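Protein chains in written order, with the numbering used here: chain A, 1 to 941; chain B, 1 to 268; chain C, 1 to 293.
It should be emphasised that the hints constitute simulated quantities derived from the structure, not laboratory data.
Some hints could be false.
[Claimed, not checked] With a straight-line cut-off of 25 angstroms between C-alpha atoms, the simulated DSS-like cross-links for lysine-lysine are:
no. : chain 1 : residue 1 : chain 2 : residue 2
1   : B       : Lys170    : A       : Lys54
2   : A       : Lys346    : B       : Lys214
3   : A       : Lys299    : B       : Lys244
4   : C       : Lys290    : A       : Lys933
5   : B       : Lys244    : A       : Lys198
6   : A       : Lys910    : C       : Lys218
7   : A       : Lys346    : A       : Lys205
8   : B       : Lys214    : A       : Lys200
9   : C       : Lys130    : B       : Lys203
Source: prediction; values computed, not measured.
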Amino acid sequence: MPPTQPSVDLSPRVSDEVRKTTCYMCACRCGINVHMKGGKVAYIEGNRDHPVNKGVLCAKGSAGIMQHNAPSRLRAPLKRTGPRGSGEFEEISWDEAMEIAVGWLKPIRETAPEKLAFFTGRDQSQSFTSFWAQGFGTPNYAAHGGFCSVNMAAAGIYTMGGAFWEFGQPDWERSKLFMLFGVAEDHDSNPIKLGLAKLKERGAKIIGVNPVRSGYNAIADEWVGITPGTDGLFILSLIHCLMKAGRIDLDYLARFTNAPVLVNGDPKSPDYGLLMRDQDGKMLVLDRATGKRTPYDRKGVKPDLAGSYRKAGISHRPVFHHMVERYLSDDYAPEQVADRVGISAKRIRHIAAELARAAFDEAFEIDRPWTDFRGETHKTMVGRPVSFHAMRGISAHSNGFQTARALHVLQIILGTVEVPGGFRFKPPYPKPPEAHPKPHVGTNPGQALNGPHLGFVHGPDDLALKPDGSPARIDKAFTWENPMSAHGLMHMVISNAHAGDPYKIDTLFMYMANMAWNSSMNTGGVMQMLTDRDDSGDYVIPHIIYSDAYSSEMVAYADLILPDTTYLERHDCISLLDRPICEADAAADAIRWPVVEPDRDVRGFQSALCELGARLGLPNFINEDGSQKWADYADYITNHERRPGIGPLAGFRGPEGDKTGRGEVNLDQLDRYIENGGFFVSHIPEEAQFYKPWNTAYQDWAVGMGLFDAPQPYLFNLYVEPLRRFQLAAEGHGDRQPPEHLRGRIKRTMDPLPIWYPPLEDGHADPVEYPIHALTQRPMAMYHSWGTQNAWLRQIHGRNPLYVPTGLFEEHRLSDGDWVRVTSVHGEITVPVMHMAALNANTVWTWNAIGKRKGAWALDEDAPEATRGFLLNHIIHELLPPRGDGLRYANSDPVTGQAAWFDLRVKIEKVPAPAEAQPAYPPITSPVGKGPKDLAWKVGK
Amino acid sequence: MTQLPTSTEKKLGLVIDLDTCVGCHACVISCKGWNTENYGAPLSDTDAYGADPSGTFLNRIHSYEITQENAPAQLVHFPKSCLHCEDAPCVTVCPTGASYKRVEDGIVLVNESDCIGCGLCAWACPYGAREMDALEGVMKKCTLCVDRIYNNNLPEEDRVPACVRTCPAKARHFGDLGDPESDVSRLVAERGGMDLMPEQGTKPVNKYLPPRPKQDEAQEFDILAPYLEPVADTPSGFLGWLDKALEHIPGSGPRFPDPDARQKSGKL
Amino acid sequence: MHPAPSVIIFTVFSGLGFGMLVFLGLGLPPVTGWTAFFFYLAAYAMAVGGLMASAFHLGNPQRALKAFTQWRTSWLSREAWVSVAALAVMGIHAFAAVFFGAILAPIGWLGAGLSVFAVYCTSMIYAQLKTVPRWNTWLTPLHLITLSFGGGAALMGHTSLAGLLIVLAAALQVAHWQVGDRALARSGTTLASATGLGNRGRVTAFEPPHTGSNYLLKEMVYTVGRGHAAKLRLIALALGYGIPGVLLLLPIPGVWPSLIAVPSHIIGILAARWLFFAQAEHVVGLYYGKRAA
Ligand SMILES: Nc1nc2c(c(=O)[nH]1)N[C@H]1C(S)=C(S)[C@@H](COP(=O)(O)OP(=O)(O)OC[C@H]3O[C@@H](n4cnc5c(=O)[nH]c(N)nc54)[C@H](O)[C@@H]3O)O[C@H]1N2
Ligand SMILES: Nc1nc2c(c(=O)[nH]1)N[C@H]1C(S)=C(S)[C@@H](COP(=O)(O)OP(=O)(O)OC[C@H]3O[C@@H](n4cnc5c(=O)[nH]c(N)nc54)[C@H](O)[C@@H]3O)O[C@H]1N2
Ligand code: SF4
Ligand code: SF4
Ligand code: SF4
Ligand code: SF4
Ligand code: SF4
Ligand SMILES: [Mo]
């Protein structure tokens, strides 16, 4: 009997309409197709045409529908009614909210604009928020980079004019050996996975360097379970092996880097250790053909790596000699470093050999003639199929800047940057460090700031110091403590403001950063600082304004809440002026647009800033008659011009919408973006796709696109001269002198050639008493704290154990589900454990930001996130413990101020199971109530 | 309908590459999203914002560690959904005929309007591929996105399961495993695709590609040694080598005979 | 497996009910009139009550009738048919006995056969499952049928026979436990075969796929502590088998032994049945690392 089957509708209607916009659940910014049914969001999938994700979507992206409909969404502006931290609020009108904000901000703008500290989280509108802050006139503006990955950004930009962090990518199509340092997920979330898939398809080799073998490291062909904080030493040892074997790209070094540039060798000179230059400031090399000192960019020059220049009995040697001298030293021999890094000498040599083999023996050429900046034409492009990627695993250490530098030097000596098969920049990078602005801190009551806040310093003269030498910024960015803090130090703002050091502020204005919880070090302390009162009973930090879209922990600590929309309800601009979505082959930018209108009394934060700016009379936010200039953010995106013809969006410019990069305002621009799927791509011509810093075709293309105004080819800085300028000051040269207590540290850490030193915490927390490294990793299916409000995602990661390696697990007689007390020099937490075998023997770790405060995120108070989830942040302090000198240094990289999350050292001890993870804080009142009991989400019928 | 067809015209299924899966859970959520909005009742969640959230999912990512004697431990991310078995015990136990295996493509489906929610099919499945929906009381399982793969309202290239379309690491492949010439069959042949729990006799259609052997062990260290033969033992020796090496490089060429070079001392 | 009260009640009481019906059908003893009425009432109450209880286990009991359609392959469907058939056939038998004082022997024999078959079908629902090695043995039907006979005999007042059957059932119970405790290990299904990764080294579960709960964990990955299980086994042995066996076999006059033996037996068997489910390891637990491989 043939079975009869039920008939299934094989072609159901998928949706009424597809609206294409950009995902927001992380900074990867994938394109999404939002399927609508009956005006409601029914289903979200990846946009196949999108340059970033090419159709794929991660878990967070697919769960966007639950984010968009989360019960934790704020519903209207809130005014605090209970004490700070209680979570007690009343809903108010926008008008009242604006009036309150103006009431606080107007007086300070008119008297002392620096009393406003405006700090934003991981938003994608920094060019706009900084524009607002400049108009306000406060020097105290930055985004989250300081606690995130400024080491990566700064090391990359100072060394090679671009960084791993969002600004570049491996040549996934051609690489044959890929080495990944300390990445669990990264901003390039989907592209990295797509790239790994390509490598796997071609059988390319993947080496993962990470104390933990999960995620990407799990699929790596070879895993290097390094001791945390020692990557720099490992990399320098690889450099040692490669140099000693002559397995380096001499041609590349001579042509494209400052390896041949002469270094002033006169110890008596004020320029000792600086690069030699001619009258025009051009760096000098020895020309191999003439034997003469010649500007590096002279046509036909053959820069010599070998010779040195002798004058008045003094030898001025090229950078490369200094490298040879340093890195050939036995200090970096594999046998010398093996124990420290926890990798056998044999394996270090083996990896160096693999790199050499891939870079040189598997080199290839592609037939694309190109012309370099010296006017020389090359018939082909030489490919070196070795690529690297790294992120916070190396940068979130206090030696992260120099470690990232070391990695870039390794890439460069192999000749693998900006070549086929290697690492490639994405526009608007590459860009020489000099092309970036310098920090500005010139305030005048009632007026705009004298220039952009953040930037790149090139020596002590560029520091942000007041005439008396004290820090000009509340976060002490660009001071002797962390001179190259290109992104500011968001993690120091609250503690500095609380301490009134360097000065007191009046209003703390924050946006999209959960600073009372997972983005702060010393979370308990921070909550205390936010609620602390002075002798007269007033809050030490008088006013706090905060914009969030959800009922986060931070909301409870603000006085005034400006509720944002969800990402599907507003305009956003992912701009070339900011952090665009470019690929190595193309410039690209994107928008978000309201695919649904908000059903609550909320406003896009940028639109709210347009109104607030106008009410405050900020110069860029009012018309001549004093009326509001930008009706909303969409208006700003369309009509604002940074420079003539250059606006937030590069696509569809000009009245006809046919101009790219440069062009007049197009009133239909946003509609054109929407028609085009929410993004715009402009491909880089083939001959301009590699060797970008030196490739005339690329330079010309970039000028045409408006990325810069004139070609600006440059050399890679193996030797970073600005670092040397700080060292020189520390050695006593120049008028701007560091304070005595920092002199030694600056001399040691600001070396112009990469060095390695142990993470600073090692010098403060006794490594014998605290023998274990403690780390966090990003779960791929969660975004920091905000994934938790997502009903689908929280079932995947609703609590987080501490993962303990086999040896420690046995030593402490643990079994899964037991509890341990984890103690650092700063404090202790009590948390559940799980065993993990594929883990460095001295490392424990947990997922980041799963633990939640009771009452937040519209969850029940006994949610597992609050009872069994935990944060490591409680035992990481923003300051290192005091030492003999009584001074407390920031727990940051001494060069950039990057928060050193991963320097943490702990000890563990088994304890009886407590009722819940410790420390436990009392619940906060939820300003939005609680979520529904059950969900059966279906929009269609 | 719980008799299994003696043979099916096609054997549609998934091939999952354990060498490539990074454990990102993207497929889990895209599956949840598609199947909540489409075939049958929504995949519900109970106590969604509470202390004991629990929901219906058709696809889940496990992870396992492998410990070995002489090599570091490995970690394998392991996606699991219905394997659309040829000898599907979940079908034959079903008392109502709600569970059936399609003759045309071998997809195992639950006809929800016939399902009494007895749970027996889930008991019979060795793989945990079936979950009863707590709110609807009907059995849920992977449909192989039967409402996508033939859907005329979708562009041709999108007629693949939601989980396959979304997988960022391209670890999921969809096709006809009954056709030895199909891409998926070739992959299985090349990479030694395997069955899960073969001893259960279910004859799964879905196959798993095992992780490729790791290169963690020290064996090949010496093979590569020639790549690192030192050119010199001292820095000055190195500079001598450098000078010679540069002569052969187009960007440098022979050196102008300058006196500094000649008198270059051994000291750097 | 989750020891759901509904399935425990279902299996225990339908077993007892059908056990009684077997004896009634065989005319042991050949009761009629009011006596028959009360015996049948008790038997039907247990058999039908048990079946109804099983409906509580259903997600959509209103569609229960559909369960009759798949008798060709499904033991559950067969059980539905056979139970109804047994109840119907025995209904005729009962009707005749109660109202007409007539014993329709052939119909009784048929009904008795169907009743045994009903218990067999029930037991095969469990015994057929390769996924639950503890159940996947001929001991399961044998044990459950013996128990059904033993309980039925006890309820029908066949004290010595009941005693003997209960002792036999005790032996089968112990055997079932013994065999069952090694069944998963002997099934050949391990985490290694479940993942296909066994040839590379020792496979252990790392992170679970979700920290939240799900149907599989609640339904099939139930775990009982060893100590707890051992205690319950002793209780089950004593109450379910030991006490009733002794009371029924000892030549004690009067109904008192039965009045103690039967409730004791039922309580003991409920405990044993709880363990039957609670200790049954479904192989899916391997994927969750909840079972020793
Ligand atoms: N899904 C998801 N994606 C995200 C985010 C998220 O929350 N969720 N957050 C976004 C943000 S803000 C950022 S900054 C990026 C960060 O992206 P990642 O850089 O991937 O950040 P982490 O998860 O902190 O990963 C750090 C990794 O470094 C390893 N590690 C720690 N110390 C060392 C060390 O000394 N040496 C080496 N070699 N490795 C080490 C850790 O084991 C871990 O694997 O991710 C972004 N993308
Ligand atoms: N231990 C440890 N701590 C860490 C790290 C670590 O690796 N380990 N990583 C650090 C790093 S790199 C980072 S970047 C930080 C990140 O930490 P945070 O910047 O605090 O990140 P989130 O938790 O995502 O919080 C951002 C806030 O933005 C809100 N939000 C979400 N969507 C919107 C919106 O559309 N509009 C508005 N206005 N608000 C919104 C959320 O509700 C939340 O309150 O954490 C840091 N903290
Ligand atoms: S990686 Fe995921 S969360 Fe991030 S933008 Fe892409 S889809 Fe959204
Ligand atoms: S995997 Fe399970 S549910 Fe799927 S066909 Fe096989 S036995 Fe049935
Ligand atoms: S739960 Fe539904 S599909 Fe499964 S066996 Fe029972 S009736 Fe059939
Ligand atoms: S094929 Fe469809 S139903 Fe099956 S796991 Fe993939 S997405 Fe889910
Ligand atoms: S989406 Fe792909 S890589 Fe991610 S868990 Fe699923 S199968 Fe693995
Ligand atoms: Mo970050």
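Hint-by-hint comparison with the structure:
Using a Cα cut-off of 25 angstroms, the hinted pair lysine 170 of chain B and lysine 54 of chain A holds, with the two alpha carbons roughly 12 angstroms apart. Taking the CA atoms of lysine 346 of chain A and lysine 214 of chain B, the gap is near 17 angstroms; set against the 25 angstroms cutoff, the hint holds. Using a Cα cut-off of 25 angstroms, the hinted pair lysine 299 of chain A and lysine 244 of chain B holds, with the two alpha carbons roughly 24 angstroms apart. Between lysine 290 of chain C and lysine 933 of chain A the alpha-carbon distance is near 29 angstroms, which puts this suggested pair outside the 25 angstroms criterion.
Restraint check for lysine 244 of chain B and lysine 198 of chain A: the C-alpha separation of about 40 angstroms exceeds 25 angstroms, so the hint is violated. At roughly 30 angstroms between alpha-carbon atoms, lysine 910 of chain A and lysine 218 of chain C are farther apart than 25 angstroms, so this suggested pair is violated. For a cut-off of 25 angstroms, the pair hint linking lysine 346 of chain A to lysine 205 of chain A stands: about 19 angstroms separates their Cα positions. Between the alpha carbons of lysine 214 of chain B and lysine 200 of chain A the distance comes to roughly 13 angstroms, so the proposed pair stays at or under 25 angstroms and holds.
Distance check on the hinted pair: lysine 130 of chain C and lysine 203 of chain B sit about 14 angstroms apart at the alpha-carbon level, within 25 angstroms; holds.
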